[in-house]
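Here is what each chain is made of, one letter per residue.
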Amino acid sequence: MAIPIISDLLERLFGSGEDPHSRDDVKRRLQIVLAHDRLALDPQTLEMMRQEIIAVVSRYVEVDFESLEFSLATNERVTALTANLPIRRIRPLGRGPDQPIMPEQEVEKIELASPAEALALDAQDAEAALRRFEANTRDAHPYLDIDRSGLDEDEDESGTTGTNNSVLAEAEAATSTDLAVGESVDDSFRASDDSVALLEEPTPEIPDMSIPEASAHAKMQSDK
Amino acid sequence: MAPDFSFMQDSQSDSSGTPADGGVNFDNFILEIEPDPETTQEEAAQTKPESNPNLQVQFKSERGRLLLLLPPAPEKSRNPVYWEDLRDQLKRRLSGGERFLQPHTPVHLIARDRLLNSQQIQEIDAMLSDAQLPLKRIYSSRRQSAVAAATAGYSVEQQTTLGHLGQGQEASRQAMDEPLYLQTTLRSGVEVRHRGTVIVLGDANPGSSIVAEGDIFIWGRLRGVVHAGADGNRQCRIMALHMQPTQLRIADQVARSPEDPPAQYQPEVAYIGPDGIRIALAAEFALADLPANLPTQESP
Amino acid sequence: MSRIIVMTSGKGGVGKTTCTANLGMALAKAGQRVAVVDADFGLRNLDLLLGLENRIVYTALDVLAGECRLDQALVKDKRQPNLALLPAAQNRSKESIKPEQMKRLIKALTKVYNFILIDSPAGIEMGFRNSIAAAREAIIVTTPEISAVRDADRVIGLLEANDIKAVRLVINRLRPAMVAAEQMMSVKDVQGILSIPLLGVIPDDEQVIVSTNKGEPLVLDEKLSKAGIAFTNVSQRLQGEKVPLMDLSIPQDNFFTRLKRLFGVSS
Chain A
38 MAIPIISDLL ERLFGSGEDP HSRDDVKRRL QIVLAHDRLA LDPQTLEMMR
88 QEIIAVVSRY VEVDFESLEF SLATNERVTA LTANLPIRRI RPLGRGPDQP
138 IMPEQEVEKI ELASPAEALA LDAQDAEAAL RRFEANTRDA HPYLDIDRSG
188 LDEDEDESGT TGTNNSVLAE AEAATSTDLA VGESVDDSFR ASDDSVALLE
238 EPTPEIPDMS IPEASAHAKM QSDK
Chain B
77 MAPDFSFMQD SQSDSSGTPA DGGVNFDNFI LEIEPDPETT QEEAAQTKPE
127 SNPNLQVQFK SERGRLLLLL PPAPEKSRNP VYWEDLRDQL KRRLSGGERF
177 LQPHTPVHLI ARDRLLNSQQ IQEIDAMLSD AQLPLKRIYS SRRQSAVAAA
227 TAGYSVEQQT TLGHLGQGQE ASRQAMDEPL YLQTTLRSGV EVRHRGTVIV
277 LGDANPGSSI VAEGDIFIWG RLRGVVHAGA DGNRQCRIMA LHMQPTQLRI
327 ADQVARSPED PPAQYQPEVA YIGPDGIRIA LAAEFALADL PANLPTQESP
Chain C
2 MSRIIVMTSG KGGVGKTTCT ANLGMALAKA GQRVAVVDAD FGLRNLDLLL
52 GLENRIVYTA LDVLAGECRL DQALVKDKRQ PNLALLPAAQ NRSKESIKPE
102 QMKRLIKALT KVYNFILIDS PAGIEMGFRN SIAAAREAII VTTPEISAVR
152 DADRVIGLLE ANDIKAVRLV INRLRPAMVA AEQMMSVKDV QGILSIPLLG
202 VIPDDEQVIV STNKGEPLVL DEKLSKAGIA FTNVSQRLQG EKVPLMDLSI
252 PQDNFFTRLK RLFGVSS
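Chains as they are written, first to last, in our numbering: chain A, 38 to 261; chain B, 77 to 376; chain C, 2 to 268.
Just chain A, same shape as in the assembly (with noise of 0.2 Å):
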């Protein structure tokens, strides 16, 4: 009995003992909550831009998707988005981002794209069809389009560009290219399905402001 009494003198003497900064929570935990208040912004809203931003740089730039961060600050009552997304190296052109966006999308396409594929297997010759396949596969990241109205369009662009590119691809290194196509598409299949996996776990209502683990797992799955 005669300790505590001591030490809560000493305490109270000298101070000390509590955490000195639950100022600091408090201010930081208001702003996040009010510029989500403020933004009136549902989580999924958030988490499709979110996902739809790392889309767009992921095409042009490869993303270290471990320490990329988004954040809704406030300040004198302007709300601001801040990504703050670091760059490991510039994208060559004609190679195709990294996989571990929207993967239920994904794995949609995917599957539209099967009967397509045979179809085209039906029309034109393997090598043919392995082109369209990666042109499709390319095709499902577009998730900027949130008109789809030109979606014919848009599919009859990126299947040229695809083209184009697996040409590119081609003239940069000639024997390796179809390897290289092939792996990434085997990639994408196993990314997928893990994260569909994944994802049937209940997705928190808060919105997480860290990259969700579906994506950073499909990361790894594609770095192996």
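Hints are all accurate, no fakes.
Ranges of calculated distance between the beta carbons of each label pair, as one might list FRET restraints: (1) R80(C) - N104(B): 17 to 25 Å; (2) P82(C) - A362(B): 37 to 45 Å; (3) R80(C) - S194(B): 54 to 62 Å; (4) D206(B) - E161(C): 47 to 55 Å; (5) N163(C) - E233(B): 43 to 51 Å; (6) A162(C) - S104(A): 35 to 43 Å; (7) E126(C) - Y97(A): 45 to 53 Å.
No more than 25 Å apart at the CA atoms, straight line, and that leaves these computed lysine-lysine pairs for DSS-like: (8) K224(C) - K79(C); (9) K243(C) - K166(C); (10) K77(C) - K108(C); (11) K189(C) - K64(A); (12) K152(B) - K99(C); (13) K243(C) - K189(C); (14) K104(C) - K152(B); (15) K112(C) - K79(C); (16) K12(C) - K64(A).
Just some of the chain C residues that point at chain B, by a computed CB distance under 10 Å: (17) A74; (18) S97; (19) L106; (20) A109.
Read the hints as simulated data drawn from the structure, not as lab findings. All values derive from a computational prediction rather than experimental measurement. Note that beta-carbon positions come from the ideal geometry of N, C-alpha and C, so glycine has one too.
With the hints as your guide, set chains B and C onto chain A.
Chains B and C in isolation, oriented as in the chain A frame:
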């Protein structure tokens, strides 16, 4: 010996002067809100609003059966009772007087001109069933309520005019209703209105109010607002074991508690004396009330 | 032109009603004609804080129902005749009055009173909407706590959406010692987050509870407490006077002040 019961006479507003023309005399002015453009027209078109504001849910026994009288439709009442209020009142009446409600007494629901949907009727039925009172029949003057009750499987009587069961409004204006007995604590926000005497076995807390056309008896602590003789009867009295009201009103008189409360409370009676509301110890008041020629004893 | 000010906070229990009572009383003391309006139907409290609960005969609802005139429902304060209270009904729900009716009440009050303070209920539902319906200005009352600030922010947004542009901030229950110890948001922190002009800061003061118990607003005290001075300052700023913020900084917390506090010596 008795504590000072000089309740302060105090009308809420000291301004009883004439309307200020032009500049406003701040000590003496009359303020009125502009009439609501919508309701004034409506009111003119509609029947006159219910003249008695003291109507709440009410039980009445009549020849071996129990009448459950609902207050009139809120849109016609100066003291509107909406469905939520109605439900609360019914619950309070059932729980506050359940000792006197004989189980299995058939209940006749007199809905008057209230609109009730089938769900509300079923809810009333459920509350009555909890008190072991079967809902026998529903009387309504509104076609919609009657249809709703019938579709919900109750036996219905649609009355075009309010018959004797519906407590003819003209007739009811003369006689007071039988006393309302409540065994409950009246908490803040509860308002009991009754066209007769109200007896409460329990406390009336601050923020509660009782408006009775007859006397008010509180067998407990009176701390809320009470109004006896609400329709103008100056003979009415307020009695409480522990008289510590926020405010007392009898007929048109208003009184507040003295600033300094007495050290000890005894049963007391409030009545209208020659100079407004007075308070007396219940024992002494009862003696004073006795005919003068009877021998009186010293109070202990 | 009367000033119609709604006192609101979003969160309950931050001291809205205390602020309304004190601010109303302080303005009345300064010679303004003040009407304080309790818009918290069903859970009225302003009458208690002003010590007028036993004088209420009619309420705003009775006025609207045509049972009495508006001046009959107004409760005049005996201590301070410039102040009048328009009480809310205790036995009704917040839905029992409509914004349009509130506007009619307030409009009539403007004929006599030049300051009308409307004590809003907590929340952002019907009662809140009623209380802001007639207001031209707003005073946001908050405490330096995360939940209170968040709710205040929401309410500021709603006020802006309802075209109430003059929105000012009162920070209540500030504890300077805790701020100094980095355990509470400072005035600057809160104001920085909410970004509306600051009208005043009320230090946490036990006297507030004492005054509530007595039903006498702090600003009536002979010798003003810290909170009483702060409320008076707020009322002066509201009337356009330039009053510097009260110095709430505490003396440097050193060994000796702690020692003194420990042994109950007032410093």
